[in-house]
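Undergrad: Below are the chains, spelled out letter by letter.
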Amino acid sequence: MFEMFPPALALIGGALLTALISSRQLRAVVVIVAPLICLYLIWQVPDGVVVRGAFLGYPLELVEGGPVRRLFATIFAIMSATGAVFAFNHARRTELVAAQLYAAGAVGVSFAGDLLTLFVFWEIMALFSTVVVWCGGTESARAAGVRYAIMHLLGGVILKVGIEGLLVTTGSLDIRPLSAHDFSTWMILIGILINAAAPPLSSWLSDAYPTASPTGSVFLSAFTTKTAILALILLFPGESILVGVGLFMVFYGIIYALLENDIRRILAFSIVNQVGFMVVAVGIGTEMAINGASAHAFAHIIYKALLFMSAGVVVMRTGKHLCTDVGGLFRTMPVTMWCGVIGALAISSFPLTSGFTTKTLISQAAVGEGLTTVYFLLAAASAGVFLHAGIKFPWFVFFQKDSGLRPKDAPWNMRIAMIFFAFLCILIGVYPQLLYPLLPYAVDYHPYKPGKVLFYLQLLLFSGLAFFLLLPWMKRTLTISLDVDWLWRRGLPLLVKYVARVGKPPVSALRSRLQQGAGLLTATARHTMGHTGPLGRSWEIGTTALWIVLLLMVYVFAYYLF
Amino acid sequence: MTQPDDHWLIRPTTIRWLWIIGYSVLAITVLLQLVIPVKGYFGIDGWFGFGALFGFLSCVLMVFGAKFIGKLLKRPDDYYDV
Chain A
5 MFEMFPPALA
15 LIGGALLTAL
25 ISSRQLRAVV
35 VIVAPLICLY
45 LIWQVPDGVV
55 VRGAFLGYPL
65 ELVEGGPVRR
75 LFATIFAIMS
85 ATGAVFAFNH
95 ARRTELVAAQ
105 LYAAGAVGVS
115 FAGDLLTLFV
125 FWEIMALFST
135 VVVWCGGTES
145 ARAAGVRYAI
155 MHLLGGVILK
165 VGIEGLLVTT
175 GSLDIRPLSA
185 HDFSTWMILI
195 GILINAAAPP
205 LSSWLSDAYP
215 TASPTGSVFL
225 SAFTTKTAIL
235 ALILLFPGES
245 ILVGVGLFMV
255 FYGIIYALLE
265 NDIRRILAFS
275 IVNQVGFMVV
285 AVGIGTEMAI
295 NGASAHAFAH
305 IIYKALLFMS
315 AGVVVMRTGK
325 HLCTDVGGLF
335 RTMPVTMWCG
345 VIGALAISSF
355 PLTSGFTTKT
365 LISQAAVGEG
375 LTTVYFLLAA
385 ASAGVFLHAG
395 IKFPWFVFFQ
405 KDSGLRPKDA
415 PWNMRIAMIF
425 FAFLCILIGV
435 YPQLLYPLLP
445 YAVDYHPYKP
455 GKVLFYLQLL
465 LFSGLAFFLL
475 LPWMKRTLTI
485 SLDVDWLWRR
495 GLPLLVKYVA
505 RVGKPPVSAL
515 RSRLQQGAGL
525 LTATARHTMG
535 HTGPLGRSWE
545 IGTTALWIVL
555 LLMVYVFAYY
565 LF
Chain Z
4 MTQPDDHWLI
14 RPTTIRWLWI
24 IGYSVLAITV
34 LLQLVIPVKG
44 YFGIDGWFGF
54 GALFGFLSCV
64 LMVFGAKFIG
74 KLLKRPDDYY
84 DV
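Going line by line, the protein sequences match chains A and Z.
Here the first sequence is numbered in this note's numbering, starting from 5 and rising by one per residue.
Here the second sequence is numbered in this note's numbering, starting from 4 and rising by one per residue.
What the hints contain is simulated information worked out from the structure, not anything from laboratory work.
Predicted model, so just to flag it, every value in this text is computed and none were measured.
C-beta: ideal position from N, C-alpha, C; glycine also.
Some hints could be false.
Just so you have them, the derived chain A footprint on chain Z, three or more residues with Cβ under 8 Å [said to hold, decoys possible]:
{"no.": "1", "region": "17-29"}
{"no.": "2", "region": "38-50"}
{"no.": "3", "region": "54-61"}
All chains should be modelled from the sequences, with the hints used to inform the complete structure.
TA: Written as structure tokens, this is what we have:
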């Protein structure tokens with residue numbers, strides 16, 4: 005039937021088996037092996053359309069290969085397998101099933117050759133990521149999951165409106181570079197940007213991810229925003245508005261992360277920050293920039309999942325999720341601490357970590373296009389990343405004051421997953437030539453020029469100095485920071501209450517008028533049509549006959565006249 | 004508590020040494036620029052110690068910027084629960 009087996013089906017099959025198998029051990033094997041089979045299949049997909057189908061007469065391209073698609077699918081599969089190693093012993097079965105289907109959606113989007121196929125897998129992701137959020141099991145997870153689902157279903161509708169519009173105007177559903185110039189293409193761009201957590205709708209991410217279970221947030225950190233980056237690369241490379249959008253995200257992430265007290269919410273804000281770097285790169289749109297966006301997405305999934313694993317172990321072992329409640333954990337959690345530190349160095353693009361070899365590609369692309377302001381803002385943002393994630397996360401969780409907590413270190417399977425990802429962070433940092441050949445365009449870039457390394461060392465180490473000198477101004481407080489979601493979480497209910505209060509006197513006045521009117525009406529009706537009223541009481545036959553004759557005469561007269 | 008709180012890492016002498024080492028490393032990264040030229044893509048970024056100053060000042064700006072924005076946006080963390 006197929007020229008080849010669609011890779012996403014391996015994960016869907018894995019999910020079905022996970023749902024059906026009752027043996028815990030066998031289930032663990034399935035959740036780890038299915039993504040590996042998927043990974044094998046991903047590397048069997050040649051370039052071009054390989055699996056076709058049709059729906060309601062529309063031709064579908066279910067699987068289309070290409071270097072950038074393969075790269076994203078590869079990291080999604082690696083993430084899914086490593087996440088499974090991390091999670092299988094602690095996550096609920098529902099969460100494992102949902103996480104596999106969520107990953108299947110991401111792999112499906114990666115290989116979607118037309119917009120209809122993309123949309124279907126896009127919605128599969130929205131659906132099952134919501135289930136992963138709900139597996140957090142708390143009341144706040146339930147509420148945040150509902151908000152998350154509404155946002156993504158709304159984004160899906162906007163995307164679908166754009167796809168339909170594009171079909172009507174161009175007659176083609178093909179995935180090809182577009183430019184946002186009319187209603188439909190704008191709708192598609194906005195639909196994708198909602199999933200990228202772009203402004204003004206960034207808050208769903210930091211709202212939902214930290215409420216998921218310690219294992220669930222690891223899966224959530226990887227797929228949704230990065231498939232959005234892939235979609236932007238495929239559909240809107242070089243769309244200049246993305247540069248501004250991305251820069252906003254970069255600084256939004258830093259500022260909100262600096263204000264935040266919840267450990268995993270700090271990391272959630274830094275996802276927005278890192279995705280901002282990629283959005284800027286897609287906006288620049290040159291070959292080097294697209295390489296940068298792809299490479300950075302690849303490296304980002306690894307170190308961000310690593311950070312969420314490290315934070316997840318802390319949350320699981322201590323039951324605390326605020327910076328103000330933890331601290332001093334380095335004593336008893338050395339593995340979790342070191343893996344967290346390596347992830348933190350990688351996200352800060354410290355030399356010899358993956359972030360350095362991928363993020364500097366983006367800065368170099370800005371240099372290549374002569375974008376001075378963008379270049380300096382990205383450099384300032386790199387310093388800011390070290391500040392809000394690179395030092396803040398490990399410092400407040402593992403060092404600062406002694407909280408008195410002495411939790412056990414991570415269980416063995418979680419250690420394996422963390423050490424593997426920490427190893428990859430350093431491997432890609434030391435041997436970037438392993439990753440560069442997988443990028444969509446040929447790479448002629450050497451990150452380890454002495455001058456460049458020195459510049460970044462100065463930049464980062466002095467950011468570190470700033471952190472420790474400014475510590476008194478960075479005391480964690482028991483606060484949250486308002487975001488645009490205030491509008492519907494507080495603003496809308498307030499508006500409803502206000503309208504109810506202000507509208508009450510006129511409405512009640514109107515109601516009493518209406519009641520008066522109705523009372524009058526019924527009284528009149530009772531008077532005229534009651535059994536003593538002129539129309540209600542019984543008349544003699546003769547009178548009735550007289551009335552009928554009269555009416556008939558009027559009728560005949562009227563008929564004759566008109 | 005299983006351990007008395009005298010971990011070597013938090014002793015005042017260790018912390019003093021960490022500061023001394025830290026400042027030395029910072030000084031070295033700046034002084035190294037005398038030996039290793041930093042390529043300035045836009046002129047100014049090749050100046051002596053530019054990376055250090057730019058990184059430090061950006062962070063100061065961001066911390067106080069965040070502090071200011073926090074004044075407007077921060078609420079008690081049970082804000083949405085009540």
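Undergrad: For which of the previously enumerated hints does the structure constitute a violation, in increasing order of number?
TA: Checked against the structure, no hint fails, so every one of them is satisfied.
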